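These protein sequences, in sequence, are chains C and S. Numbering-wise, our numbering puts 401 at position 417 of the first sequence, and it's gapless, one number per residue. Numbering-wise, our numbering puts 363 at position 379 of the second sequence, and it's gapless, one number per residue.
Rather than coming from a laboratory, the hints here were simulated on the basis of the structure. It is possible that some hints are incorrect.
Because identical chains cannot be distinguished in the list, a pair is counted as satisfied if it fits within a single copy or across any two copies.
Derived PhoX-like pairs: lysine-lysine, alpha-carbon spacing no greater than 20 Å straight-line [stated by the list, open to error]: (1) K(-7) x K318; (2) K(-7) x K54; (3) K130 x K74; (4) K171 x K183; (5) K12 x K318; (6) K54 x K175.
Remember, predicted model here, so these are calculated numbers, not experimental data.
There are 2 protein chains.
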Amino acid sequence: MDFIREKHKVVIIGGGFGGLQAALAFKKGLVEATLVDRRNFHLFQPLLYQVATGSLSPANIATPFRRILKRRPNIHVLMGEVMNIDVVKKLVLLKEGELSYDTLIVAAGSTHHYFGHDGWARFAPGLKTIEDATEIRKKVLTAFEKAEGVNDAEEVRTWLTFVVVGAGPTGVELAGALGEIARDALKNEFKSIDPSFLKIILVEGEARILQPYIPKLSRKAEEKLSHIGVTCRLKNLVIGVEKGALTIQEGNKTERIKTHTILWAAGIMASPLTAILSERTGATLDRFQRLAVEADLTLPGHPEIFVIGDMAALTDASSKILPSTAPVAIQEGKYVARLIQKRLDGKTIQPFSYNDKGQMVTVGRTSAVAEIGRLNLWGYPAWLLWLLVHLLQLVEFENRLLVLIQWAWSYFTRNRSAGLITGKDND
Amino acid sequence: MDFIREKHKVVIIGGGFGGLQAALAFKKGLVEATLVDRRNFHLFQPLLYQVATGSLSPANIATPFRRILKRRPNIHVLMGEVMNIDVVKKLVLLKEGELSYDTLIVAAGSTHHYFGHDGWARFAPGLKTIEDATEIRKKVLTAFEKAEGVNDAEEVRTWLTFVVVGAGPTGVELAGALGEIARDALKNEFKSIDPSFLKIILVEGEARILQPYIPKLSRKAEEKLSHIGVTCRLKNLVIGVEKGALTIQEGNKTERIKTHTILWAAGIMASPLTAILSERTGATLDRFQRLAVEADLTLPGHPEIFVIGDMAALTDASSKILPSTAPVAIQEGKYVARLIQKRLDGKTIQPFSYNDKGQMVTVGRTSAVAEIGRLNLWGYPAWLLWLLVHLLQLVEFENRLLVLIQWAWSYFTRNRSAGLITGKDND
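Produce the entire structure from the sequences given, and follow the hints as far as they go.
In structure tokens form, the structure reads like this:
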């Protein structure tokens, strides 16, 4: 009845890969979108482990939303915390107020999963945020300082034992980077420490590392890790984490490892917002708290609510659930923005289908494994490919250039350029 | 009686400008020095305000000690906290153990001075550490996000009122940088905010800003500040700081200013270690807790204890106390290292005399004032000189290059490259 057509209001919760790509995919026109995030910046998570190990600075891998979206007059940014969602009144309830929507895109991502042992988080931090990364950086660098400062050999050994739990991509990248920095640090900076005291242990419950890859690449990666001083403890489960130690179990044999540095990369679960949405809409949750979504990424019975990225459990053609990775989230974000715009023109599009371009992970400083369709690469060539892909992906020109220089410098000199221990004391 | 001469043990407390320069000035030979610091890095404090305003990242202005001292086999680094000094047994007592010394160099610097109102620190953070800078950055950036998020005009005004207390060099640099980023942010990123709501106030008790400079340069700086939107409130004293407001007094008139962002640059006082040394040696403290030292920077009656930098109150030829600046600390650090080495050869050197090369301070993005002997510069030429001097001073090649690129980018694009709001929520 209106002669002037009102703009269609979209609210996007979360500015990770999925949410940001959705925001960027809305053309000027009929959509007015608001991106809500607790933080004021987009984080390039695949490089977060490099901040944790002191090779990059936080600002190298994070870019404020307002800068990215500067030239998008129809996309608004709001820093705020979502407390609840009213699916009947179509309202997102924030700590700071409320936002009404015509269409909602929920892309709040995931958090660490301690499998019921939330108390372990204190002693075994995971790697999801900038603060996690600087906290881990502090833990790792402090361990060397402490090892240099104490005289008791047992204590030195404890400080120089680093344990990474979980040998998925994040765990492998962390352990590899730790192996390299430890070797460099002991060679160049902490000369009074006996390098033979160093122990880096990667604990994995399965029979091989890097489960999502073909066995050959798992083997290549394990060989490389072993070469740089990382011991893989396969078929080992973590059964206890406490201050100064971790206990693992292999079969019916348990072992207590004394260490002050335990890093958690064993699993993730979806943001607690999925529980709220499940309660409000009846959508089902899987064991990682992900929401079962329709083929077009909407919630059953709610075509106006899209759930994407790590929060969605979507089954692909071969009836496997799509992994919680950046490429999946990016493609889903672009897809839902396209679908929403098509709908406004009265059209529809095909269900979402994931175009799998392959996967890759670094193993140490200049080595990686990559699986691109039927092509399998490892070692230096795989790393060059990894470098290229990640540089191209970094959101902004400036960051790309700075990161390139910082890396180049770091590889040539084997120096850490961001090895600062910052943050308040907390132990 | 010994045929083998033992190495002379020097302990340096603090790795700021004074302590680090002392460490670097010890040649290989008879001295074995240990640099103790709570942190693992040297901080280039003159650029800290650029981290606080989001132009530089912490890693750009900080370098780990171990990297700087990598090629110095006779200089050791220990991360530790000094709790006490036993001047009789010649021991530095750390939280982590103890260190014995033949000669001690105390260079632990200074901290904020709230003139008896320590409760104000919570609402009006000062700028001394990396954490201070990221905390201030968070406060400033959050203020814009909040202003964008609220509807009440009064609240928007409160969020957009920024107060800097103290118009010395740090206060002027902070206020100038705030003026520039506020203008840019409102123009490019927070388009729904009315720029006329913005207020940046620089509060100063004296009749002019930049007291250490000649009145003409104070005037030039004040004009420039006014041009970029900073109001100087001279002859105003801060009499109250509380959550959400500050009260100032001019003559017998008081005014309450509503603001969520108060930055403290009103004064510093020496590290609490001076009180310990005063008690142990009888040396006198001045009202800024600085220790009165001999002409060779030793404590009276203790030729083996040197106090340098912000902790020392040394009177120059014109009977003025040397200012708490980097150049003074650097020259003092080099001087004491030279004196200690000469003593080991049985020689002595002239008392310390400060070679004043001048002073300079930026006022906004591309403007500065500089006083070099009889030469007074202001505006763009002064800024170019400031840029040159500071780039040359940055400790390491890599940092210099990165900082240059980051600045160049930031000036050309008027973008903040490090505008991240990080850190745990605390309000």
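Evaluated hints:
no.	hint	verdict
1	K(-7) x K318	within (17 Å within a copy, 65 Å between copies)
2	K(-7) x K54	within (19 Å within a copy, 58 Å between copies)
3	K130 x K74	neither (54 Å within a copy, 24 Å between copies)
4	K171 x K183	within (15 Å within a copy, 53 Å between copies)
5	K12 x K318	within (15 Å within a copy, 62 Å between copies)
6	K54 x K175	between (49 Å within a copy, 10 Å between copies)
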